[in-house]
Amino acid sequence: MNRQRLLNGIVGVFIALLIGAIIMVIQGYNPILTYQALFQYSLFGWYPFATTLKNAVPLVLTGLSAAMAFASGVVNLGQPGQLVMGALFATVGGLYLDLPPALMVLVLSVLAMLGGVLWAGVAAMLRRWFEMSEFIVTLMLNMIADFFTMWAITYPFKDATAYSPMTPQINSNGWLPVIGDFNSSIFFMIVAVAVMWFFFNRWKAGYEWRISGQNSLFARLGGCDIQKNFLGVMLLTGALAGLAGGLVVMAGPHRFIKGLGANYAWDGVMIAIVANNGLMATFLYGLFFSAIQTGALGMELITDVPSEIAQVLQAVLVLVIVASREYLNTTLEKAAARRQARMRQT
Amino acid sequence: MISKWNMNTLIEMRNIVKVYPPNVVALDDVSVDFRQGEIHSIVGENGAGKSTLMKVLYGLTPADSGEIRLSGKAVSFHNPGEAIAAGIGMVHQEIVLIPQYTVWENIVLGVEPLQSFGRLDVAKAQELVRQKIDEFQFNIDVNARVEDISVAARQKVEILTLLYRNVSILILDEPTSVLTPQEIPQLFSELARLRDNGHTILFISHRLEEVLELSDRITVMRKGKKIATVEASQTNRQELARMMVGREILFLSRRTPQPPGPVVFRVENLTLNTPDKRVRLKEINLQVRSGEIVGLAGVEGNGQFELVNTIMGIQQPTSGRIIVEDTDITHAPILERRRKIAFVPQDRGKMGASLSADIVDNAIMTHHRLNERFSLWKGLLLNYAFARHFTDVLADKFAVVMPGRSAPFRALSGGNQQKVILGRELLLNSPFILLDQPTRGLDVGSIEYVHDQILHMRSEGKAILMISADLEEIFLLSDRILVLYRGQLVADIPVEQTSLEEIGTLMLEGRPAG
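Protein chains in written order, with my numbering: chain R, 9 to 354; chain W, 17 to 530.
These are computed hints drawn from the structure, not numbers from a lab.
Accuracy of the hints is not assured; some may be wrong.
[Said to hold, decoys possible] List of simulated lysine-lysine pairs, DSSO-like, C-alpha gap at most 30 Å:
id, chain 1, residue 1, chain 2, residue 2
1, W, K241, R, K342
2, R, K236, W, K356
3, W, K356, W, K298
4, W, K239, W, K89
5, R, K212, R, K236
6, R, K342, W, K89
7, W, K366, R, K236
8, W, K366, W, K293
9, R, K166, R, K266
10, W, K413, R, K212
11, R, K212, W, K394
12, W, K366, W, K239
13, W, K413, W, K356
14, R, K212, W, K366
15, W, K366, W, K356
16, W, K366, R, K342
17, W, K356, R, K212
18, W, K298, W, K366
19, W, K394, R, K236
20, W, K413, W, K239
21, W, K241, W, K89
22, W, K366, W, K413
23, W, K239, R, K342
24, W, K394, W, K356
[To be verified] Taking beta-carbon pairs under 10 Å as the criterion, some of the chain R residues facing chain W (in silico):
id, residue
25, K212
26, A213
27, Y215
28, I219
29, Q222
30, L225
31, F226
32, G230
33, G231
34, D233
35, E341
36, A344
37, A349
38, R350
The C-beta atom is built at its ideal place from N, Cα and C for all residues, glycine as well.
Input sequences plus hints: build the corresponding full structure.
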């Protein structure tokens, strides 16, 4: 089962790169040189690799958030909102608190998670009290979070010296330290993946989440507290998305700049879908998507190919992997059936 | 008895092989022929390949190899439409009609007689349908709405739909499984009349007595292979059963007399109304004693589903009480109920298991909350080592055949899935056991096994309430029989004081005959 998924991933990536190459040839670019540049700036070498890992942090964390929610049968599509709320909480904490470095980083991370939890909690409560579908509520809350944070960095927390909406830089004790080429936000990402895997596969609640995601009536009849589990998953996945926002602030610009959330969260949701909500698969695909995005910027420097080709590659990748997942299964099974049929005839 | 004309072979199926991916051999080199104007039954356990063989003939499922000849000419239907055009029609187990349409509307749907500008010619359509009904002496009102008529009548509408399309070969997939004992003879006499008119009838069933009564010839299948085709007049139930199962089967109750103990489970004045004030359950009173099996009979849809849901806590009753061992659980959370109630639902995939989870995950449900040994770190973590051990113990105790504990649940056969669910529930060791159609969709061997387990629980002093649509099963196991009719209990009779016919009448009419 796992081997087949790995095979599916490798074959899918290979085919997607092939299709990408064909598109480049049609456009008149040299695909070999282009791919060489792409991976030279994302994987080959310590600095490119470290950059890829750093850029992967928000993708993997929001991806994990979506994957855990979907696998538990909770349609949390509020990662974009939860991410910017987390970023805002961490930024505001960073502006007003002054703690020793290590403690400061931890406190700001917790604040970021709180921001995400709060925003996911609104959706959870609306469902609990008014039976509103979290699907639509989380989507709508994204808008509100977007405009709320925009207001916050335009008025109350605006950097007086700046010309566009942004906050001042946070206290430097809250900056994530850089070790060699590697930003320490990578460490947070790896710990988050490990902890989530542990929750999902070792916790009693994680067992109930998994079963509820597959068959909620069975879980309910088996004595699982569906309401409590829903709340737990919602808050936990909110915390993950919030943490992603906080880490973006603490690792990068050290302030909340307009457009900070970018497309991280939607890319994360996409990665979760490509990974079929598997936690480890989300991690690996997150790294790969980050490599393409990171490499594309470098590629633009030394080739004529525009960096938008990265988006084409991503789109092709998503289509090929999702489409081939079922196709590969049925093809393998049909081949086995034909073998059996031939054996029976003789 | 059989004339020369009857001996004509109409359909030949040769060397049919069908493999369901990846490696389930549904049909293993099956060759069989059907004659013009005969009733030919195909019998076998569930999963023997009866339905698959007919689906191949009907164009619903492509065969992997083999050939089909109709009147000597090789044919291959790619969809049911082509089969119907060639004169072959199939009535499925589930009835597929539009409930809001009338009988004639359902029958002509798709081949309506039209007048100018494509308008439906209602008078002509009704006339054509009425002619067909008269021709075959079906007793049906063409203008009745399908939702208002009985299941037996709906089945007739299905048959008429095919006859209206001039089908001469009728395939019926377990048509009696949805009928009550009283309705079956009428269906049989209608089928016999169709045969006498020159129609050929292929009849799928696993009920041997009705097959013997109805058919001219019988083909027995087992595990995808054809075992034999025999004349109905030259065989008997024991021989058919032996061919079907591959060993002798006893059709006798193994229930031993046993005085029941104290009342364990009690329902008092239970009433359930829907939000729009329709009555689903009305003042149900029932008791189940320790060491007693109470069978709840009834035509499906008379409140069984609602009763199960209220006992399990999926639905809240409008009024009344549910009590297990002196604890009122009427409004208790589901986990509290599960401390006292073992529950085997009728639908394995929907309520009894998660098909995509592995066997361990399915085996430990409920135990993971109630049994301390599944807890680590004060109940925060699940003890997977013990879960695996528990699964092995369960598989061993309940004779589960599995490819491995970590295989997905759907990889198990229906019988083995049911054994896992049954084992899980019985190992809860609860005083009260609720069984909802515990042998639905299982083969004869598995049914026997499940029945043995249920009787074993009875001798251990458990209180057992069993809901079943299979009257034979109810009579085989129960000490007392209750009948549910339109949400009300209309009978509560010790099994020794009643008969199949009496219960059948109560199920159908809600009161004793006469």
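#### Entry: Violated constraints from the hint list, given by number and in increasing order
Hint check: nothing fails, all pass.
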